[in-house]
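2 protein chains.
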Amino acid sequence: MRAVDIIQKKREGGELDRAELAFFIDGYVAGRIPEYQVSAWLMAVFLKGMSSVEAAALTDVMLHSGKVMDLSGITGPFVDKHSTGGVGDKVSLILAPMVAACGIKVPMMSGRALGHTGGTLDKLESIPGYRTGLSEADFRAFIEQDGFAMTGQTAEIVPADKKLYALRDVTATVESIPLITASILSKKVAEGAEALVFDVKSGPGAFMKTPERAEALARSLVSTGTAMGKRIVSVITDMTEPLGLKVGNFLEVEETLDCLENAGPEDLMEVTYRLGAWMLVAGGVAKTVEEGERLCRKSIRTGIARELFMANVRRQGGQPERLLELRGNYRAKDSYEVLAPTGGFIQAIDAYKIGLAGVYLGVGRDTALDPVYPDVGFVLDKKTGAAVLAGERLATVYGKDAASLEAVKALVASAYAIGPGAPARRPLILKEISAI
Amino acid sequence: MRAVDIIQKKREGGELDRAELAFFIDGYVAGRIPEYQVSAWLMAVFLKGMSSVEAAALTDVMLHSGKVMDLSGITGPFVDKHSTGGVGDKVSLILAPMVAACGIKVPMMSGRALGHTGGTLDKLESIPGYRTGLSEADFRAFIEQDGFAMTGQTAEIVPADKKLYALRDVTATVESIPLITASILSKKVAEGAEALVFDVKSGPGAFMKTPERAEALARSLVSTGTAMGKRIVSVITDMTEPLGLKVGNFLEVEETLDCLENAGPEDLMEVTYRLGAWMLVAGGVAKTVEEGERLCRKSIRTGIARELFMANVRRQGGQPERLLELRGNYRAKDSYEVLAPTGGFIQAIDAYKIGLAGVYLGVGRDTALDPVYPDVGFVLDKKTGAAVLAGERLATVYGKDAASLEAVKALVASAYAIGPGAPARRPLILKEISAI
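Protein sequence lines, in the order shown, are assigned to chains A and B.
Under the numbering used here, the first residue of the first sequence carries the number 11, and numbering increases by one thereafter.
Under the numbering used here, the first residue of the second sequence carries the number 11, and numbering increases by one thereafter.
If we strip away everything but chain A, and leave its shape as in the complex, we get (with noise of 0.2 Å):
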């Protein structure tokens, strides 16, 4: 076998088998297989596409470059919940105690927040004390004891996808649905998950930009995921506007306390519910989705939900009673009010330009090696077709020092369109894709 006609075969539109697959990706890992020829090979695939079969078999020969998390021993089922990235997306946070309150256990490893979207760990470690780095043994150990688990990806988990997304990153082959899909897909089944249920954000805060292209994704999920072996839902949800009222580090760990208190935003909990019901659906512990979420309604009213997510506070090695002091004083000193230029309804918040500006406040990151902040970020009154009067306040912004304030400022304001009569409501949930 040589590289070269792997690579002319999918140059052709030719489908690679999984021996192919493996000798051309375990040679790049091993170092056995220059960049060169990988990074042609990944523009072939960007341009001609992948079949189902042959996304699976690449994800699958990534799963096996690394480690995969062995949770036998512990009763399952084992589900849990990605998405592609948003703003003010906490729902994470908030599922996880949620289903596992229902019978749900989720070993959740996340990623960080870069560029303009937020990441589950940065919003974790803002508790003072919590812990994401976990051994396999506490993982293991926690998810058996909470129901649930938060850690990140070790560098032993899918290796193949690190060297891989980083010459993506160099070489413009990062959009590409394929690719996406097993990049996504190996890390969450190497993390021993038998279900997975895809919250694909659609709008110009998410990565897919377009229903379009979000529904290739969602659909390429499913029918990889699938052929893998795996029960996949993909729910294709809109990112125009920041998800809930919050967006930050700890802002958003408050705005997860709020949900869990059964007191969050509507449009945050409308999304939770419905993830969290596929979930259970997913995991066998609900018929059909309705059922699915009249269990989670009950796992937030009843407090279950909240009371895990303590528990598995004070099991990582943060202080529950510290976050709970902090509750609504951890503010960076820095910070500004945003007013209505003019009165009306609002049109739009655009949820891209809050996450780029989250950016420079410290909310996230350029690269993976800067710093992020936890109490910084935005507090934000209304929400897309609330009224407002001129000069009323539209939202309160933290950041980490008086030059991020200024630098925003004009970026912030363009987020928000006012102007006359109520717009029409959009919908969250716009489509969902099960094969389950």
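If you are wondering where the hints come from, they were derived from the structure by calculation, not from laboratory data.
Model, not experiment: these values are computed from the prediction.
There's no promise every hint is true.
Since the list gives no way to pick one copy over another, a pair counts as held whenever it fits inside one copy or between any two copies.
As the list claims (entries may be wrong) - In silico lysine-lysine, BS3-like type, Cα no more than 25 Å apart, as pairs:
id, residue 1, residue 2
1, 441, 219
2, 343, 419
3, 173, 297
4, 392, 343
Based on these hints, arrange chain B on the given structure of chain A.
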């Protein structure tokens, strides 16, 4: 400007401008842009193509990556011919003195055998003493004195092509029309030619296996070369069976002498006269191809072309007396005769198989480091269309050793198809595309 943006633009099918191509190619040659980015770009070019304007800009950028031959002070017109490579293709050796005799200056830089196709330099070097590594001063002086000179490409000529070609070879991006066009044209323009005639071979023995692919390359060479301000003609010629009766290195020099003495095989002379005639038209020496052909025939008939060839042999260090002594005698000791297995008419002689057998025999080479042998190859007794009796000799095969003969016997036998009835004569000149 960022390399990744240039890759992305090409990936989306955009047209790169000269500044972008210069940034990218110059950056690659200087080591600022890594191979993995260049190979992703090469694949994007392969799959998305290039416009004529874009290919011309790429050619121009590649051309200026190295030295451009300065022929000022010598009176032109400077016209060269380039063949995309075939089996038994010794046209350059006959053509250069033939058109030089008609007043054209031919600054010919040639390549070596690679794979199943022969190389002009290897053929010339089979003449004892002949030097193909001329200094620039010698190259200029010999063109001025004899009307032509034959040399190899120095490392200073289009270094970008050497780097790009090596990378294309290992990334399955060789067979791209715009990349082939830029590779060929940049080298030919760098040698100082004002007008160029391309012999684009088509058929199993050629690089372009189908008339459609050959025509695509022929048109690309014309449109791109024209966009660079050169006068360009492409002639598509058949490469189904070997050209002429001899395939080898010294064997092809012998056949060159036959042709220059007006005793060459009909097929070889048909192609040579046609290409020569176009060179005369391209150089302004003849008004029509018919007039050009008359002048070429005259330069052969009068012996002037032969005189110039012998003058060039002496000028480049070869020994004309030794050449004539060796003629008809310079044969490897290991040989065998190919006999007709049945009677009938020769339906086909597969040029590709003969060329491939030549690699084993020592005519050509697999890798650039393999040696070639002067005294090996094929002497064909009969060509396609000839009647043969069972057991009659079809060809004599000379090899570097007995093992090489054994290795090719089945391959050579399978190259011949003999059947009842004379086959229809295949036209040799398939299409002519002129922009002069």
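The hints, checked one at a time:
1. 441 to 219: For residue 441 and residue 219, the Cα distance is within 25 Å only inside one copy (15 Å; across copies 49 Å).
2. 343 to 419: Within one copy only: 17 Å inside, 88 Å across.
3. 173 to 297: Neither: 40 Å inside a copy, 62 Å across copies.
4. 392 to 343: within (22 Å within a copy, 95 Å between copies)
Hint compliance for this structure: hint 3 is the single one not met.
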